[in-house]
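Chains as they are written, first to last, in the numbering used here: chain C, 3 to 403; chain Z, 213 to 471; chain L, 169 to 559.
Do not take every clue at face value.
With a Cα cut of at most 27 Å, we get these calculated BS3-like pairs of lysine-lysine [claimed, not checked]:
(1) C:190 to Z:452
(2) Z:371 to Z:227
(3) C:253 to Z:454
(4) Z:229 to C:253
(5) Z:227 to C:253
(6) C:190 to C:253
(7) C:351 to C:253
(8) Z:371 to Z:229
(9) L:399 to L:533
(10) C:253 to C:142
Okay, the calculated bits of chain C under chain Z, using three or more residues with CB under 8 Å as the criterion [claimed, not checked]:
(11) 183 to 197
(12) 211 to 224
(13) 250 to 256
These aren't lab readings, by the way, just hints derived from the structure by calculation.
Keep in mind that this is a model prediction, so the values were computed, not measured.
Every residue gets a Cβ at the ideal spot worked out from N, C-alpha and C, and that includes glycine.
Residue strings, one per chain:
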Amino acid sequence: MPPPARSRAGLAFSAWAARGEFRLQVCGDCGTTSYPPRDVCPNCWSSRLEWQPAAPTGRLLADTVLHTSTNVYFRERMPWRVGTVEHESGVALLAHIHSDVPTPAQGGQPVRLTVRTDKSGQGVIVALPVEDTPHMNDEKQLRELSASVRHRRVLITDVRTDFGQALALKVREAGASRVFAGVAEPWKPFPGRDALATADHIEQVSLDVTQGDSVLELAGAIGGKTDILINTASHVRPGSTVGRNGLTAAKDEMETNYFGLLRLLQFFGPAMQGRAADGDNNAVCWVNLLSIYALSNWPAYATTSASHAAALSLAQGARADFQPSGIKVLNVFHGPLESEWYQPVSPPKVTPAKLARVVVDALEAGLEEKVVGDIAQDVMARWQENPAVLERELTQDGGAL
Amino acid sequence: MTVLVQLAEALASQKVKTIDLTFTLDPDFPVLVLPPEFGQCQPFRVEEVSRYDERGPAWYWRNFTCSEHTGTHFDAPIHWVSGKDLPDNSVDTIGVDAFVRPAVVMDFSVECAADDDFVLTADHIAAWEQTHGEIPAGSWALFRSDWSRRSPEAYLNLKEDGAHSPGPDSTAINYLIEQRDVVGFGVETIGTDAGQAQHFDPPYPAHALLHGAGRYGLQCLRNLNQLPATGAVILCAPLKIKNGSGSPLRVLALVEEST
Amino acid sequence: MADARPSQPYPGVVLAAPVTVPYRRYSHQPAHWWIGCALRALREVSGLEPADIDGFCVSSFTLLPDTAVGLTQHVGLSPRWLDHIPMGGASGVVALRRAARAVQCGDARVVACVAGDTNQVNSFRSMLTSFSRFSQDASFPYGGGGPNGSFALLTRAYMDTYGTTRETFGRLCVAQRQNALAVPFAMMTRPLTLDEYLDARVIAEPLHLFDCVMPCAGAEGFLVMSEDDAKAQGLPYARILSTIERHNAFPEDPIQLRGGWVLDRDALWSQAGVTPAAVDLVQTYDDYPVISVMQLEDLGFCGKGEFNDFAAEQTFTNDGTLPHNTSGGQLSTGQAGAAGGYIGLVDALRQLTGQPIGNPVPDAKVGLVSGFGMINFDRGVCTAAALLAAA
Chain C
3 MPPPARSRAG LAFSAWAARG EFRLQVCGDC GTTSYPPRDV CPNCWSSRLE
53 WQPAAPTGRL LADTVLHTST NVYFRERMPW RVGTVEHESG VALLAHIHSD
103 VPTPAQGGQP VRLTVRTDKS GQGVIVALPV EDTPHMNDEK QLRELSASVR
153 HRRVLITDVR TDFGQALALK VREAGASRVF AGVAEPWKPF PGRDALATAD
203 HIEQVSLDVT QGDSVLELAG AIGGKTDILI NTASHVRPGS TVGRNGLTAA
253 KDEMETNYFG LLRLLQFFGP AMQGRAADGD NNAVCWVNLL SIYALSNWPA
303 YATTSASHAA ALSLAQGARA DFQPSGIKVL NVFHGPLESE WYQPVSPPKV
353 TPAKLARVVV DALEAGLEEK VVGDIAQDVM ARWQENPAVL ERELTQDGGA
403 L
Chain Z
213 MTVLVQLAEA LASQKVKTID LTFTLDPDFP VLVLPPEFGQ CQPFRVEEVS
263 RYDERGPAWY WRNFTCSEHT GTHFDAPIHW VSGKDLPDNS VDTIGVDAFV
313 RPAVVMDFSV ECAADDDFVL TADHIAAWEQ THGEIPAGSW ALFRSDWSRR
363 SPEAYLNLKE DGAHSPGPDS TAINYLIEQR DVVGFGVETI GTDAGQAQHF
413 DPPYPAHALL HGAGRYGLQC LRNLNQLPAT GAVILCAPLK IKNGSGSPLR
463 VLALVEEST
Chain L
169 MADARPSQPY PGVVLAAPVT VPYRRYSHQP AHWWIGCALR ALREVSGLEP
219 ADIDGFCVSS FTLLPDTAVG LTQHVGLSPR WLDHIPMGGA SGVVALRRAA
269 RAVQCGDARV VACVAGDTNQ VNSFRSMLTS FSRFSQDASF PYGGGGPNGS
319 FALLTRAYMD TYGTTRETFG RLCVAQRQNA LAVPFAMMTR PLTLDEYLDA
369 RVIAEPLHLF DCVMPCAGAE GFLVMSEDDA KAQGLPYARI LSTIERHNAF
419 PEDPIQLRGG WVLDRDALWS QAGVTPAAVD LVQTYDDYPV ISVMQLEDLG
469 FCGKGEFNDF AAEQTFTNDG TLPHNTSGGQ LSTGQAGAAG GYIGLVDALR
519 QLTGQPIGNP VPDAKVGLVS GFGMINFDRG VCTAAALLAA A
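The shape of chain C in the complex, shown without the other chains (with noise of 0.2 Å):
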């Protein structure tokens, strides 16, 4: 894989990349932007160096086509484009280069950049063309940069919601060449079955995630052919800690959200692990669909939030687990769902059309965090202020931020 080792200052750069954000040091004392990542200012020898978002423009100075590399990941995908880049700020960086970005003149190749993970799960920045250009997603490097499910076969785990068939169709939409979707308990018909059973190259596969068996069974079947897994089995239920009765819907909430992940990632995990470095339609991401007060939780349905954060804290295990490989976690938080679980809660919720564009967009983009929706845009950027706080505002008016 790449090069996976960081500073702290440089993981900080990463976990901005990781949620599609550019972001550069920008010291708080007297505003110089600084890169590669720093402990303190160089203008000024201030430590207050603030992350903030970076223009995503800058000019290319000069390039170079990697031939050889000391780096075993990198040799076997020569030729590599790399090149320097004068950012906005005026600061040089490195980057990795489209190879739609013409060659520099005098003066340099004005850029677009973005950020990226690469396969170490570590943020890298990629300078594209100022402009799109026709089929630039399909570029080498720029695929090896994300998880694009283009002509990569992807496994719904859950076709039963509105969200997993918008998902299974939108995926199916965006190039995928194969959809497997899910279904628990097929003998319990479910609306917009017949639909996707009519929908080109979506198959529908047994799938339990409660049931050991049943996942052993499937990854023994599709394991070896799964690019992309979307686990979108949910169990919700409201209630609180103290005002439910008894243990059955949360054991339920827990046997779904977090025993049913953790048999996800124990069957299907080592078959995509294997599979990560096989040719370009390798296996290259593991999507979690997270309540977003899995971060801190919301009373009015404290079980489900706490299976949420438990699944939340086994997706941080399996990035860990799978990260050698190269296989990306991409948690995708959301708010209330329109669904009829959520019913009681006022909008704006999330619909299914909108989330499942979210994910494929995520996906596309290579990120291993996105979070959809108001709501949940708004409980992140709380959380990221303030968790303390957050968790005092939750306990307020009910929790309904």
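Keeping the supplied structure of chain C fixed, place chains Z and L upon it in accordance with the hints.
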């Protein structure tokens, strides 16, 4: 010769055959589906503890979990609110003689094939008795619908408005309790009540009336087609679960070879 | 603040006893062994015993987890002055500067300056992966090209900006190869033609095979002492006319087209009291030919961007005009890690003291040694230079 010695010989010579009336406990076997606002019946689930591996080099064993009402199962009076205050109303306290009893098999499979929502009434039972004789007191009354031979999907037969499967109305159950003093009522379907029994009067008459009268239920039976209308004996001992409302169990029938 | 005081000269301080432990492509011996061999060679050449060495200065990339400190115990030295110079290609000149001041001020009497590295099959890659924090964070993840990638970009920018051609780079490489043919342990043993240079396989455009050094194992060393002591030991020596050093010059330049020499060259020439025309041989740090061109331009041998024309008038060979990298430099003799920062200085000392390892530069009186080191992120950070004179 004592009765038991005679029985043993008959079993050995296959003059008395043992028929298995039980579905395999299988994670994929359907369970009752209640409206989503209610707590749900947990299906059978199994997790491996070890299999001759680092978790247990010489042994294979598993943990399983399920509802008291998963698979072929027994309903005790305490299962229903109508039977909640009766004495000895849970599986661990029911007198064990109830678990070994004669059984009659009322075959309405033709009617059920014609109508998914076939409702068994007192009149149907009385008509059946015209042919097969009066149901002896203390028997299990088993209702053959051939439902156990359906595919998993057709077995629950879920539609927009819920499940559609045959079952008794209150006249049938009252008749069996009051007129025939049966020990219990057994069915092939997922519940002793019809799929649409929430709309009956009273709702869920089999559960409400049987358990209110201290009688028992057996569900998800199979192979009833291999039993004679009368003359079989069934063995149906539930697990001895403290305060258990029911239990998955193995149901066996002893059948004399027809001469 | 007021202007800095000018740097003081080095009266009575000399350098002597140039030693080179013959290079090898790969070695299973650790850096300690190579440095030890250099010390032994210094002892043999100078006749000085370990107890006579009271100053010790070390440069090495592959010595970890040791530094100069651990080496004192390892080799049994008890110096009263110790330094460790982690400046790669600037190490030789900087070591000389440090040691000369120590001797001049009496902090040490005889300083052994040594650089050495091993080259195991994996050591180049492992050195790159932990080379610097900035390269780890912001350079190595971009293709893992290491110095080839970084210098490809600098070379491209240089060519685009100043029009320096591959033919010009090739002339330097061909001349150095000529100089190396007389060096018995040089990695490159065949003559190089300009066509071969131009047609070599691409490494990282515009760099081709012969623009790149071959990593190897080896060690270099010399002694710094008073002129009186050198005479007493009967050692041929060279004087120090002037030296300069600069780090992280021009951080505002978006890409490196010049080095710190530009800031300090006036001081270098004026303190020495000579001009480039007086120089009989030049040793540049030649990890890539573009860096040699940058040094020659920035030190004033020709104007910025004029090297194409300037080069056309020079042979750069030991028997011709402006002899350059007289023992073949790193491009032909090999890059023995930090010893690559010493190779030019040590051979300048040999030439100025009449004991060349290869072909002699006739009547060599004044030599210039330049150093360039440490691609910390996107550019070399350390620059240094020294003017030396024959006794």
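Going down the list of hints, with the structure as the test:
Restraint check: the Cα-Cα separation between residue 190 of chain C and residue 452 of chain Z comes to about 32 Å, which exceeds 27 Å; the hinted pair is violated. In summary, the hint linking residue 371 of chain Z to residue 227 of chain Z is not supported, as the alpha carbons are separated by about 45 Å, beyond the 27 Å threshold. At most 27 Å may separate the alpha-carbon atoms for a hinted pair to count; residue 253 of chain C and residue 454 of chain Z meet this at roughly 22 Å. For the suggested pair residue 229 of chain Z and residue 253 of chain C, the alpha carbons sit about 43 Å apart, so the restraint of at most 27 Å is broken.
Taking the CA atoms of residue 227 of chain Z and residue 253 of chain C, the gap is about 49 Å. The hint is violated against a cut of 27 Å. A distance of roughly 21 Å separates the Cα atoms of residue 190 of chain C and residue 253 of chain C; the hinted pair therefore holds under the 27 Å criterion. The straight-line distance between the Cα atoms of residue 351 of chain C and residue 253 of chain C is roughly 26 Å, inside the 27 Å bound, and the hint therefore holds. Our distance criterion of 27 Å between C-alpha atoms is broken by residue 371 of chain Z and residue 229 of chain Z, whose separation comes to about 39 Å.
For the proposed pair residue 399 of chain L and residue 533 of chain L, the alpha carbon gap of about 19 Å is at most 27 Å, so the pair holds. Between the alpha carbons of residue 253 of chain C and residue 142 of chain C the distance comes to roughly 45 Å, so the proposed pair goes past 27 Å and is violated. Here the segment 183 to 197 of chain C counts 5 residues with a CB under 8 Å from a CB of chain Z, which clears the bar of 3, and the coverage holds. A stretch counts as covered by a chain when three or more of its residues have a beta carbon under 8 Å from one of that chain; for the segment 211 to 224 of chain C and chain Z the count is 5, and the coverage holds.
Here's how the segment 250 to 256 of chain C fares: 3 of its residues keep a CB closer than 8 Å to some CB of chain Z, so the rule of at least three is met and the hint holds.
This entry does not satisfy hints 1, 2, 4, 5, 8, 10, going by the numbered hints stated previously.
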